[in-house]
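Peer 1: Could you build all of it, start to finish, from the sequences and the hints given here?
In order, the protein sequences belong to chains E and L. Quick note, the first sequence lines up with residues 1 to 120 if you use this note's numbering. Quick note, the second sequence lines up with residues 1 to 111 if you use this note's numbering.
Keep in mind that the hints are not guaranteed to be accurate.
Stated by the list, open to error - In silico lysine-lysine, BS3-like type, Cα no more than 30 Å apart, as pairs:
id, chain 1, residue 1, chain 2, residue 2
1, L, K69, E, K41
2, L, K98, E, K41
3, L, K56, E, K41
4, E, K55, E, K66
5, L, K70, E, K41
6, L, K98, E, K64
Just so you know, the hints here were simulated from the structure itself, not pulled from any lab data.
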Amino acid sequence: GAVVSQHPSWVICKSGTSVKIECRSLDFQATTMFWYRQFPKQSLMLMATSNEGSKATYEQGVEKDKFLINHASLTLSTLTVTSAHPEDSSFYICSARVMRLAGPRGETQYFGPGTRLLVL
Amino acid sequence: SQQGEEDPQALSIQEGENATMNCSYKTSINNLQWYRQNSGRGLVHLILIRSNEREKHSGRLRVTLDTSKKSSSLLITASRAADTASYFCARVYNQGGKLIFGQGTELSVKP
Chain E
1 GAVVSQHPSW
11 VICKSGTSVK
21 IECRSLDFQA
31 TTMFWYRQFP
41 KQSLMLMATS
51 NEGSKATYEQ
61 GVEKDKFLIN
71 HASLTLSTLT
81 VTSAHPEDSS
91 FYICSARVMR
101 LAGPRGETQY
111 FGPGTRLLVL
Chain L
1 SQQGEEDPQA
11 LSIQEGENAT
21 MNCSYKTSIN
31 NLQWYRQNSG
41 RGLVHLILIR
51 SNEREKHSGR
61 LRVTLDTSKK
71 SSSLLITASR
81 AADTASYFCA
91 RVYNQGGKLI
101 FGQGTELSVK
111 P
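Peer 2: In structure tokens, the structure reads:
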């Protein structure tokens with residue numbers, strides 16, 4: 001159980017276009033989903049926290065208007081990179097917490113497989 | 001930076017040897033978690049250790065936690081080539097469950 005999927009797994013786009021990445025919890029409901037960005041050979045940097053039915057909370061330095069997050073249901077969050085530029089090329093990973101679950105499982109985040117974005 | 005420190009940054013060992021990775025953090029924690037990431041993939045949760053625990057085992061994995069030193073270690077015993085991956089420690093930042101990751105250790109196990 002606790003499987004998280006991401007779509008697409010990789011995308012190549014031209015500079016200036018927008019790219020939407022979906023994150024789905026397949027077999028559980030997620031109270032909260034998180035979006036991370038990871039550059040090569042680096043750690044994961046949290047971009048934003050996405051709560052179902054409310055606005056996302058962005059980390060310092062992350063542009064809200066550039067990285068649009070929509071958490072429309074308890075199983076789906078989307079990240080849209082608007083007007084993408086080459087410096088937005090990165091590996092984007094989402095994670096989800098299991099809803100209303102006490103103990104270690106409720107504190108564990110389950111990660112999607114990631115989406116590799118290349119902006120030309 | 002809120003990120004923890006991990007050392008070593010890279011570790012190369014032979015199959016069968018043990019691998020030890022260390023993680024230090026700066027603020028108090030409720031728990032500390034270890035994750036594994038295969039190249040170009042998502043993260044897999046390995047172990048969660050609570051602040052009132054000192055040691056935890058899962059198969060060939062052993063995690064220790066020293067809250068007085070604000071440090072944790074992950075030991076992989078009898079390593080296999082399939083253990084080759086990056087390993088990250090992470091702590092929960094606040095009640096909202098945000099995870100702050102360490103810099104990671106890139107482990108290479110040579111057959």
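Peer 1: Hints first: check each against the structure and report whether it holds.
Peer 2: Each hint tested on the structure:
no., hint, in the structure
1, K69(L) / K41(E), "27 Å, holds"
2, K98(L) / K41(E), "22 Å, holds"
3, K56(L) / K41(E), "28 Å, holds"
4, K55(E) / K66(E), "15 Å, holds"
5, K70(L) / K41(E), "25 Å, holds"
6, K98(L) / K64(E), "18 Å, holds"
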